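Asker: Here's the letter readout for the chains.
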Amino acid sequence: MTLADRIATFRATLEEWVRGLYHGMISHPAYEKIEAEAEDAEDGFMLACFPDAFGIPSPVSYYTAELLPYLEDEYEAWERRLWDRQSVIERKGHQYHF
Amino acid sequence: MTEFVFFGGKGGVGKTTVSSAYGLECVGGGLETLLVSTDPAHSTADVFDQEFGDEPQPVEGYDGLSALEIDPEQEVQDHLQGLKRQLSSQLSAAMVNEVDIQLEMAHQTPGAYEAALFDRFVEVMRTADPYDRVVFDTSPTGSTLRLLALPELLERWIDRLMDKRERSIDLYEKAAIGNREPRRVMDGDPILARLQERKERFEFAGEVLRDDAAFYLVMNPDELSIRETRRSVETLEDAALPVRGLVVNRLTPEPEPHEEGRGARYLRQRVATERDRLERIEREFAVPVVATIETRVEEVRGSILEEVAAELEVAVEDEGSVQSR
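Listed in order, the protein sequences are those of chains U and P.
The first sequence begins at 1 in this note's numbering and counts up one residue at a time.
The second sequence begins at 1 in this note's numbering and counts up one residue at a time.
Just so you know, these hints were derived from the structure itself, not from any lab.
Computed from a predicted structure; not experimentally measured.
Backbone N, C-alpha and C fix where the C-beta goes; we use that ideal spot for every residue, glycine too.
Label pairs and their calculated CB-CB ranges:
#1 U/I56 <-> P/P190: 24 to 32 Å
#2 U/G20 <-> P/Q77: 57 to 65 Å
#3 P/A193 <-> U/E79: 18 to 26 Å
#4 U/L47 <-> P/Q196: 15 to 23 Å
#5 U/L47 <-> P/L153: 13 to 21 Å
#6 U/G44 <-> P/E60: 52 to 60 Å
#7 U/S27 <-> P/S88: 38 to 46 Å
#8 P/D129 <-> U/S27: 56 to 64 Å
#9 U/T9 <-> P/Q196: 52 to 60 Å
#10 P/P190 <-> U/M1: 54 to 62 Å
#11 P/E166 <-> U/G20: 28 to 36 Å
#12 P/D100 <-> U/M25: 43 to 51 Å
#13 P/Q86 <-> U/G44: 24 to 32 Å
#14 P/R156 <-> U/G55: 17 to 25 Å
Okay, chain U solo, but in the shape it has when bound (with noise of 0.2 Å):
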């Protein structure tokens, strides 16, 4: 093995190495926070349009009804989101990383 060689590789290894770092320490965990925060977003927009589905009576899900097509995604989503959220502080314990 040259040494060209040689350093190749170790720039190779320490590219890896600070791509991971930089992903883990600051552009994972900066996206996956900002992506459920937007999700609990969502769910308050959902919440919004479809209280009914809750039990309380709203003045505009007539119209919001309408959005429904456009939903599905989000609809999906929604339901499963509320059903493995146990409790806030197992949500928003989500976004640390210990």
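Given the coordinates of chain U, work out where chain P should sit on it, guided by the hints.
Answerer: For chain P alone, coordinates are given in the frame of chain U:
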């Protein structure tokens, strides 16, 4: 410029009679007129002895007069069916059932009926161009007042919804660090587009109600009717929709002076009480009494309707304002 005139009031005071008579008066004044009944128990058909449907239909025997009866029940069903069709063409089979339940629920909430009625209201207002005057014969006080206060309430709701949606999309976009694909994008979001469209409709309705609409309350000279009218005036005022005038219907006719006997004495006494009440109405209400109509022995229809129309002084002052535009 189309002007919209609403007649409201307690049940059974004769709103249909008064609004039909007013419609005739408008036609007499050379205005192309549309009479819209929003009362689920339609009686325009009885007044004109003709069946009316969901679309404007010319009234036989009166040139320039059309009528239309809104059936909220039917509107709700149509809305539901339309959405269901859209669902099955856009959603995967697994989701259709889930969403179907939600849809059924939304159409059974207490507000659905009003929302449907309101929708049709707005539709009538938007397509009112061929008419100079649209006369609404509304359903009894409570539900109509709620209906007319809707645009503002709904606008606020839609605003809140749009705000929430925007915030979540914004966060999704921010979460897409680097060259990741965001889960939702703001541009061309169908939900936001749909909400915006709704919002514009409500704004339109609110504007029309504030700028091009006149409200009249029909009442009878009795205690209950006076009280309910007072409440209605306040409610409408609160919604920034001031009442232009009161129409007092079903006044007892006075017997001839030479007449004596039980019937005549009864009538005289009634007339005296009603005169007191009428004076009280004129004194206590800030809204002027624009017409008083005597009660009729028979049902008001046909030629009697024209007599009633002649007693109405509502139209005269309004035409002036229309023609001066």
